[in-house]
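These protein sequence lines map, in sequence, to chains L and W.
Going by my numbering, the first sequence opens with residue 1, and the numbers climb by one from there.
Going by my numbering, the second sequence opens with residue 1001, and the numbers climb by one from there.
It should be emphasised that the hints constitute simulated quantities derived from the structure, not laboratory data.
Incorrect hints may appear among the rest.
Okay, derived cross-link-like pairs now, EDC-like style, lysine to aspartate or glutamate, Cα gap no bigger than 20 angstroms in a straight line [what the hints assert, rightly or not]:
(1) W/Lys-1059 <-> L/Glu-162
(2) W/Lys-1027 <-> W/Glu-1058
(3) L/Lys-126 <-> W/Glu-1126
(4) W/Lys-1059 <-> W/Glu-1093
(5) W/Lys-1023 <-> W/Glu-1012
(6) L/Lys-126 <-> W/Glu-1108
(7) L/Lys-126 <-> W/Glu-1093
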Amino acid sequence: MDYGYLLTDLTYSLLRLLTAYTMSIVAALLIGIPMGRSKLLEATLYPLIDVLQSIPVLGFFPAVLLLVTKAVQPPLGAELASVILIFTGQAWNLILGVYSAVKAVPEDFLMMSAIYRFNLAARLFKIYIPTALLSIASNSIVSWAGGLFFLTACEVISLGSEEFRLRGIGADIVNLTAGGDFLGAYVGVALLTGVSLALYMLLWNPLVNAVSALAGGSAVSYPAVNIFRALSPHIFGRMPSPSNYVIYLLSTRNLDVVLSRINLRKLFKASTSRVLAIAAVLTTLTIACLVVFKNVNTLKVDLAGLPWFNATVGLLHSLFRVFTTILASFAFIAFAGFYAFEHGKVAKYILIQLGEVLSSMPAFLWWSIFSLAVENGLISPLLVSFLILFQGTAWYIFFNTPLAPPTEAERRLYEVAQIYRLGVFKRFSRIYLPSMMPRITAGLSAAWGGAWNSVIAAEYAQIGSKTIEFFGIGYLLNVATIGGDINATLFYALYLAIFIVIVNRTFWRWLFTQAFMKYRVVE
Amino acid sequence: MTEVVVSIKELEKEYLSGRVRIKVLNKINLEIRREFLAILGPSGCGKSTLLRILAGVEKPTKGTIEFHISSERPRIGFVFQFPTLIPWLTILENVALPLESAGIKPKEARDEARKYLSLVGLSGFENAYPHQLSGGMKQRVNITRALAIKPQILLLDEPFSNLDPLTAEALRAELLDIWLSGVAGVEAVVMVTHSIDEALFMADRIAILTPRPAEVRKVVEVNLPRPRNRRSPEFQKLEDYIYEFIS
Chain L
1 MDYGYLLTDL
11 TYSLLRLLTA
21 YTMSIVAALL
31 IGIPMGRSKL
41 LEATLYPLID
51 VLQSIPVLGF
61 FPAVLLLVTK
71 AVQPPLGAEL
81 ASVILIFTGQ
91 AWNLILGVYS
101 AVKAVPEDFL
111 MMSAIYRFNL
121 AARLFKIYIP
131 TALLSIASNS
141 IVSWAGGLFF
151 LTACEVISLG
161 SEEFRLRGIG
171 ADIVNLTAGG
181 DFLGAYVGVA
191 LLTGVSLALY
201 MLLWNPLVNA
211 VSALAGGSAV
221 SYPAVNIFRA
231 LSPHIFGRMP
241 SPSNYVIYLL
251 STRNLDVVLS
261 RINLRKLFKA
271 STSRVLAIAA
281 VLTTLTIACL
291 VVFKNVNTLK
301 VDLAGLPWFN
311 ATVGLLHSLF
321 RVFTTILASF
331 AFIAFAGFYA
341 FEHGKVAKYI
351 LIQLGEVLSS
361 MPAFLWWSIF
371 SLAVENGLIS
381 PLLVSFLILF
391 QGTAWYIFFN
401 TPLAPPTEAE
411 RRLYEVAQIY
421 RLGVFKRFSR
431 IYLPSMMPRI
441 TAGLSAAWGG
451 AWNSVIAAEY
461 AQIGSKTIEF
471 FGIGYLLNVA
481 TIGGDINATL
491 FYALYLAIFI
501 VIVNRTFWRW
511 LFTQAFMKYR
521 VVE
Chain W
1001 MTEVVVSIKE
1011 LEKEYLSGRV
1021 RIKVLNKINL
1031 EIRREFLAIL
1041 GPSGCGKSTL
1051 LRILAGVEKP
1061 TKGTIEFHIS
1071 SERPRIGFVF
1081 QFPTLIPWLT
1091 ILENVALPLE
1101 SAGIKPKEAR
1111 DEARKYLSLV
1121 GLSGFENAYP
1131 HQLSGGMKQR
1141 VNITRALAIK
1151 PQILLLDEPF
1161 SNLDPLTAEA
1171 LRAELLDIWL
1181 SGVAGVEAVV
1191 MVTHSIDEAL
1201 FMADRIAILT
1211 PRPAEVRKVV
1221 EVNLPRPRNR
1231 RSPEFQKLED
1241 YIYEFIS
């Protein structure tokens, strides 16, 4: 089989992502900077963007697609709609990042620019735009992953009898899976994952490392291959990250040296019982989640019935799944983050790299990856559904916790824990978890939005001849979209959006305030 | 009598905290001459607020400040308590930026910045970034930036309070040398501090403020010869004298 066209289509997908990313940067600069400086703009735009970022994009996509394709002739219409969808997955994070960064410009800087009479151009180009660009670089990892998450969804979509199919790697993988060419689908998945990984190692991670060094020499260090250094074999020996060790290994075949540097003994020095205890907790949680999922699926409603009733019951079904997944994600990230925190650079690098690649997997691709196993009954579709929800949820918490280095004040707390020889449980429960609570809560509220997007991918799929269904609001949205019922699609999407926004602005806001007030570590 | 550079008359400053008005400065009357003036007072009394009003970044609630200098708007250099260097600009760019903002061509601004960096012993660090420097070096850049604009009035906001004692002492001596040699062309230096020792070591006069709302309790002339010796009986006598007004 010739799969060469996958490379061309991958380029199409990447161009789509790049276009949306460029649009997001422009939007972040044009909206984020004025919003950070003007109280009036802040008061008007912040709540609007806060609401917009809470809306499950996948739910509204069919309606957007319909509107755009009616306004702009195909194939440009579908292309534009897909770029808009990816843009919505990337932009809000960047805009709010720039806004927060500009707002956080220290008072002393503003005073200094007033004392030295910086003109508007100097303030803009020497303070605000560099501040904004630093924030954009730091938030690009999350935004890029956000864009990739929507990649498949925006390349193939059925709206009643009409099907919009764009050239792209996402569409290819879906087509190959539907056509039973599992080898082709796996080649596509491998290609996409490989390119994602390469982009992180060669572009995003070195960029974030450079930016954080410039902004004050923070201790963050993302796994990265510095290609300039990699060109010189002389310097291989001084490379710090595991990825560079691989290059070193390939270039010198000096396994002993590599292993001695990674210090495997140190990496795995945690006692077996501790690892087993963590594994046991995670397994119990996973089983509990699956039981909940299975039972939730037993209740069905009449689709022809009242939309209000359907939407409410569907929402409650999905809500149960979402909350269970958020809890499981929280437990996983808390344990994994703590383990990585305590076990130095290598464990942290592995976790970061894993998280980056997993977070970049388009949601619908999980069905393709496991299609063969599901088709043959080797894996329950329930597990795949849970995986999709878990992936769409966990990484939001993940990007807020293990990736962020502890502040100076937090670091001192850990030093206190070391000096007074606190046991592992106390270090976790009394120091690590509380100090991470403000970040974890921020991650949880972001995960809440992410989980609802995943619900749309997790509750309905077609694999070959099989249709996988799990009743919920995501299922209802899918059925309405496929049936071409645009009114029902819009109704369910709007119903879901209103619910998400209400919970965001009540429960999550309250929880974050509580966590921030109680657990913020200050000098 | 020495020429007056700045006259502060009946200056008051109030803040609104919720619905409560908090008075920070109360009827401040002070004349700043061609001198090194230290403003001494307990923490939180409003010393820095007074300095910010002098710098023109805050407005007084009442009262006036008159500058008796040749130019229309006084050129003011400000040395912050923390270095406040822009992290993404090199040391040279940090120092040159205020000059460029004042309309000097970029190349000339950089040449001028280089000259002042060498004055404080930072030649060779022009292309370094702030995070690559020690605390003392960063504060030197902070001072250089203030001097490079050729200020008529130099304002210092507790400039040595965040440095280790040895670095602080070295910087005090360097700053005094620059001031006394007249190379920077500064007409008056106003330094806010809460250290009696520092004020006595550096200043020609010391204005002692009361706790909030701050008023000028006493202005003390420091007629000790330079370089001053902290162990001299005159120094210690004056220190005890000032201490009575502070405590």
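Hint consistency between W/Lys-1059 and W/Glu-1093 [alpha-carbon to alpha-carbon, up to 20 angstroms]
At roughly 30 angstroms apart (the allowed maximum being 20 angstroms), W/Glu-1093 and W/Lys-1059 break the hint.
Can the restraint linking L/Lys-126 and W/Glu-1108 be considered satisfied, given a maximum Cα separation of 20 angstroms?
Holds: L/Lys-126 and W/Glu-1108 sit about 18 angstroms apart, inside 20 angstroms.
Given the proposed pairing of W/Lys-1059 with L/Glu-162, does the C-alpha separation stay at or below 20 angstroms?
Given pair W/Lys-1059, L/Glu-162 is violated - Cα atoms ~66 angstroms apart, limit 20 angstroms.
Quickly compare the C-alpha distance for L/Lys-126 and W/Glu-1126 to 20 angstroms and report which way the hint goes.
holds (18 angstroms)
When you check the alpha-carbon spacing of W/Lys-1023 and W/Glu-1012, does it fall within 20 angstroms?
Distance of about 8 angstroms is within 20 angstroms: holds.
For W/Lys-1027 and W/Glu-1058, compute the direct alpha-carbon distance and say whether it is at most 20 angstroms.
Roughly 16 angstroms separates the two Cα atoms, so the pair holds.
For a C-alpha distance cap of 20 angstroms, please report whether L/Lys-126 and W/Glu-1093 respect it.
Within the cut-off at roughly 10 angstroms; holds.
Figure legend: structure checked against the earlier numbered hints; hints not met, in rising order: 1 and 4.
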